[in-house]
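**Student:** Chain residues, written in single-letter form:
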Amino acid sequence: MNDDNWTTLQSAGKVPPPSPEVLAHAAQRVEQAATRNPRRTVGRRVLVPALAATATAAVIGVVALQQSNTPTALPVAPSTTPSVSTYPPSRPLENQDKSPLCVASYPKELQKRGFGFDGTVLSAVQIPRTAYYWAVTFQVHEWYRPGRSPQQVTVQMLGGPNGQVQLEDQVGYEIGDRLLISGASVDSRTGKALKYPIGWACGFSRTYDVPTADTWRKVFSK
Amino acid sequence: MDDWFAAQVERNGPDIHAYLTRRTTDGVADDLLGDVWVAAYGGRSGFDPDIGTPRAWLFGVARHVLHGYYRKHRLRSTMARVIGIDRPTDETAAVDARLDAAALAPQLREGLRSLPAAERELLLLVAWENLTPTEAAQVLGIPAGTARSRLHRARQRMDERLSGSAQVVDETTRQEADR
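Protein chains in written order, with the UniProt record's numbering: chain S, 1 to 222; chain F, 1 to 179.
Think of the hints as simulated: they come from the structure by calculation, not from any bench.
Here a beta-carbon is modelled for each residue, glycine too, at the ideal position from N, C-alpha and C.
Be a bit skeptical, because a hint or two may be false.
Claimed, not checked - In silico SDA-like cross-links for lysine to any residue, where the CA-CA straight-line distance does not exceed 20 Å:
id, chain 1, residue 1, chain 2, residue 2
1, S, 14, F, 72
2, S, 14, F, 39
3, F, 72, S, 127
What the hints assert, rightly or not - From the derived model, a few chain F residues whose C-beta atoms are all more than 10 Å from chain S:
id, residue
4, 9
5, 22
6, 119
7, 133
8, 153
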């Protein structure tokens, strides 16, 4: 490479310097880590094998549950129908509903989703070998699409219940929460039916409230 | 945090941040910088001044953190694509986006893209991060001699590619002049 090309390449890599706040924030993180765990290297020798053993046991348990292949095999929470008659305003389960990364916008493209229902979370199990996906089983109160479906359904969803959330932008849900879920029942890349439907992010999966449920009913009936 | 480590953070912060910025999008580098310091602080006993410089060691930690980020990100993106979210899934895609944005000469851009990944990474560590070939070798965990020969080969490939393109351009110009 001649000098001109080398210089051009170097200039293509130029980036603005970070703000002092960014540098300070990063330095603060290591300060906190140092204060929180000053003897970390000693502790890790004991902790790592213990954590590894716990993780292995957990994975074996989850795999066993998954291999049984039926939603009823998933741990089922006590049947909890919300006793309150009013619900707080519906909100998306994650903060990405306005993200430019979303390929469809809610509610404009709700009507295009392959399925939609109102249901209560019975159980949630992390899907093995994925960092963020959970098999979530619902007691369905009403199917908006398709019209006739089973009373219980297991849906793959981004993120687990609160306390087991893995995404930084996840609002989350709890076992027993009443949710409105819509998404895909067909893999858009292959056109094949999915074993478990996928609850979409980007606002298409959200907490339940009566006005939003009414809207969904109308939208899906069109 | 001890004085030595605090000095490294202060001295190398902007360069490590620049390295992360060039290989990610959407302000991810701001968060990853903190991850790099935490990881480096946790592993500082592994730094051996006889083997290399603190700067190269920190770039090595940053590279490790970056790979971890993309590994995690790929898992997320595989399913995210299905559920309606799309993002770059590796640092090559982020670097490509940067090269596009920089409106680099097409021949240079294509030349870089055609390099084997290991040569390209090495070339960019030297060109963009101003690391010496020996420091870049330390970052990549390869012998210095291997890095030097790999770098030489990368520059040679780029030369061939660019001179090939130049010949095509010259030929086109000549043909147009003949008309």
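**Student:** Hints first: check each against the structure and report whether it holds.
**Tutor:** For each hint, the structure was consulted:
1. 14/S - 72/F: Violated: residue 14/S and residue 72/F sit about 27 Å apart, past 20 Å.
2. 14/S - 39/F: violated, 26 Å
3. 72/F - 127/S: Between residue 72/F and residue 127/S the Cα gap is close to 15 Å, so the pair holds against 20 Å.
4. 9: violated, 5 Å
5. 22: violated, 6 Å
6. 119: holds, 12 Å
7. 133: At roughly 14 Å from the nearest Cβ of chain S, residue 133/F sits farther out than 10 Å, so the non-interface label holds.
8. 153: At about 12 Å from chain S, residue 153/F clears the 10 Å cut-off, so the statement holds.
The structure shown violates the earlier hints numbered 1, 2, 4, 5.
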